[in-house]
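Enquirer: Letter by letter, the chains look like this.
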Amino acid sequence: MEKISQSVVKKDHLPKITGRSCYVGDYVGDILVGKMLRSKYARAKVLSVKVPELPEGYYYVDRNDVPGDNNVNIVMDDTPVYAREIVEYIGEPIAMVCGPDEAVVKEILSKIEVEYEELEPLLDLRLATEAHFDYEYGKGDLEKAFAEADKVYVEEFETGYQDQAYIECQGMMAEPEADGRMFVHGSMQCAYYVHGAVARVLGCGPSGVHVLQDVTGGGFGGKEAFPSILGSQVAVAAKKAGKAVRCIFDRDEDLEFSSKRHPSLNTYKIAVKDGKITAMDIDVKFNGGAYTTLSAVVLQRGIIAASGVYNVPNLHVRGRALKTNSTPSGAYRGFGAPQTFFSVEMFMNHIAQDLGIDSIDFKLANVVKQGDGTSTSGIYHFPVPLVDMLNEVDAKTDLFKKHKEYSKPQTGRYRKGIGMSWYFHGAGFTGSGERDHIKAVAKLHKYPDGSVEVLACNGEIGQGLRTTFPKIVAHELNIPLEKVYYDHPDTARVPDSGPTVASRSLMVVGELLRRAAIKLRDVWVDGEDQIVTENFKEPDFMIPFYIDKFQGDAYPTYAWAVNAIEVEVDTYTGVTKIVNATGNFDVGTPIDWNIVMGQMEGGFLQGIGYTSTEKIYYDNKGRMRNTTFSDYLIPTSKDVVDLNCMLHVEKYPNGPYGAKGAGELPLVGAPGAFVEAVEMALGAGHKINHMPFNAEEVIKELSKEV
Amino acid sequence: MVNGYAPKCLQEALEIRAAHDVVPYAGGTDLMVENRPNVTYLFLNKIPELKQVVVDDNYIRIGSGVTFTEAIANENVPQLMKEAISRIAACAIRNAGTFGGNLGNGSAKADSVLIEFVSGAKLRLLSVKGERIVDVEKFYLGRKKLDLGSDEIIAEVLLPKTGLENYYYEKVGGRNALAISRVSFAGVFEEKDGKIVNIAAAFGAVADTVLRYRDIEAMLIGKTIEEAKAMKAEYIQAYSDRMVLTRGRVSAEYRKTVCMNLLGEFLSKFGI
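Those protein sequence lines, which keep their order, are chains A and B.
Going by our numbering, the first residue of the first sequence is number 1, and it counts up by one from there.
Going by our numbering, the first residue of the second sequence is number 1, and it counts up by one from there.
One or more hints might be untrue.
[Claimed, not checked] To spell it out: a stretch of chain A is covered by chain B in this simulated footprint if at least three of its residues, at any positions, have a beta carbon under 8 angstroms from a beta carbon of chain B; those stretches are: (1) 530-542; (2) 630-636.
[Unchecked claim] Distance condition first, Cα-Cα at most 27 angstroms in a straight line; then the derived DSS-like pairs of lysine-lysine: (3) A/K700 <-> B/K109; (4) B/K195 <-> B/K232; (5) B/K195 <-> A/K687.
No wet-lab data here; the hints were simulated from the structure.
Here the structure is a predicted model, which is why all the values come from computation and not from measurement.
All C-beta atoms in this analysis are idealised placements derived from N, C-alpha and C, irrespective of residue type, glycine included.
Bound-form chain A, shown alone (with noise of 0.2 angstroms):
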């Protein structure tokens, strides 16, 4: 291993472990706690309000107190900070009550009356027409591709929605400081986001606001986009009431009205010819709520993977995200990933099936290599080792041995099915965003004493950048890890090193920093203040990627990852035993190993979770009915026992010492592994095309004639 992989204690394992960690609930003093009047109906025109009168110290903030703009900046500036005359979703926040007891604000907004008028909601997907985006792109001739096929297959596959799931609720305060200015600090993965939404809100400039990333308890996506909407909620507050105002969500006010992963309709029509895939035409539709929130990003990237890790001549791509009365679908791990992954993994499956050859050698002939043009007409221009992690995943699972054998006929109440899925993640931000929008600042602050402090405003989440990016500086400038450290960010000290989003971090921001710390070091005079900054500049070896189009290198590089899961399933109870999962990862240098291993358990877990346990029930008027954990089920280390993750290393020269994107990766293609092997198990002629598929789908399908 080398030097720069071994693993160190993480600089925030003391302060977390010995519960000093001050996260935003931590804050004691005069603060006031908000709590959201919340809409009751899916859609409806709010005729008023009537609010009762407020005990001294004790207000009611609504969107007529928003100082600057009732919009909050995410990609678009559609989503209202407070509800406008409609409310388009259950939960949508119409106005806040803050004041000094919890108890009297509850009791103040159980008094507040609001008259509605309902309209009719749009709830289902397949009825939705009013798309927030609608992309498409392709290559080839796709015609003629059709035309000259074999056999041309089509298919309609459905994924459901995940919550992040995070350990602390979202959670954001706003502080107005004695200088003008509005602090804002919480719970979050962008604090660059969150300053940009909260100043035009506020209607400050950049200037009047500054925020903090405060201790977060996770966020995996949840706290990419949310934190901006609830972030400029607080500071409007607090502008009003000229106090702190704190508002943290219970956990079902959590899980039913902050954003999840988009759920999503995809129809595949493929055509083979002499057993490879001659072409593709994906119709993708991704429910993105009331409002756009992250749904253009998120789709994009789900499109540009609609055509997996195959080799498509001939390829038309159209994605839509569509406008549904539901609470806005955001961001989560995978980013739009892994709904299309799932869709083109299981339809390889299908075809495989009905052309009587094993799934996995149909994989094989059709999966790109290093040279090939990427769907959008880029190039993978380093090596692509899928292959070779697929024989590495075969020597320890016996998968192919395994795939033939389950894959006959079975009787008796337990069946076993084994599932494989390979697949890739973008590594960075889409198409020419790091370029264009977000041109990373990274700098490195020297004291005189020699310690050397990471200026950048990437959050810690629980992956390691407090500790990882000392690492790097550390390593660069041969100095003891002690003698570097990276703060939690707060805006006002910070540059903008960009989000923490796209598994970007590590890759993009390691790298600024470690070309910075080889600048110190060259600079390096003992005893002396010493500021170095650099700035990000794309690869030379990109071809520009044009988004109007989808054309060019929507990615440097890419991670890798195979994926195979074993099951048994028990067909009198539905339920399926994983008896094995095993994940291949290949995110370049591992900048630490137990980190990078913890994101793989961890995300693959998740993953498993997404396609087998973690299902949202809706009754008929659009309210999620599972708003406990004890109902809405992530998957527990005793529901995959054995869990085995190792990794390929498949260096990025542009990367930190060969790293490149690791967050996101692990998730991604679980539901098509897992579904597969549920598949199998249940035999021949039962296709699976929607997913999650817990105990209750396994005995609805069993239940089926085939």
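Position chain B against the provided structure of chain A, taking the given hints into account.
Expert: Chain B in isolation, oriented as in the chain A frame:
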């Protein structure tokens, strides 16, 4: 601040229970989560009389304050009961959760209560006025409805000493730990001199209360295995006709299919 009484002995607990409007609190694994406002608790977890497992001539008597972890480690607790309670939630909950609490919660999903139903257990209820022994089937009146006086506490579960050796048990939860039952099944079987002397089946988590039908069971009592085999289809059909299941987080259809599958498996296991 939690308001409550923490009596040191049973008599004191009964007096408080009679004199005040209190919620009996044993392990607190449900009550802590509920966190009801303005409630006065009667803490029963420090009362030695409720924390014993004793065997007398007829019964294995499990104190209502005995935790699941304690019961799993106790040699007198029948294996069937151990199997069911070892599937409850997770270690931390089993360390605190009790038999009394599982009953007092009034849920058809309670894993220990299913075993009490199938074994025909009785409950010993106490108040300042004296004791009452009731069949668990009569104690459970419906969802959250119990035949428990406002002055009474659940003191003991009385399990029959014999007859639980041959059993079949399954719990179907949404996941492998920290899972509330979605369907649970327990069956016990006893044969003597070539004839069935007891065949009991109980279904948990599928309706407002645990389901057990003694009249259907009676169809097979006194029959030989061969006779029972011949009646198997009719027997299963009788259950299927009787069981009107409700929808929960899973559909009534799913519950029904699983119940019938497990009933059939129970019969097969004992040669029927």
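Enquirer: Determine for every hint whether it applies to the structure shown.
Expert: For each hint, the structure was consulted:
no.: 1; hint: 530-542; verdict: violated (count 0)
no.: 2; hint: 630-636; verdict: holds (count 5)
no.: 3; hint: A/K700 <-> B/K109; verdict: holds (23 angstroms)
no.: 4; hint: B/K195 <-> B/K232; verdict: holds (15 angstroms)
no.: 5; hint: B/K195 <-> A/K687; verdict: violated (47 angstroms)
Figure legend: structure checked against the earlier numbered hints; hints not met, in rising order: 1, 5.
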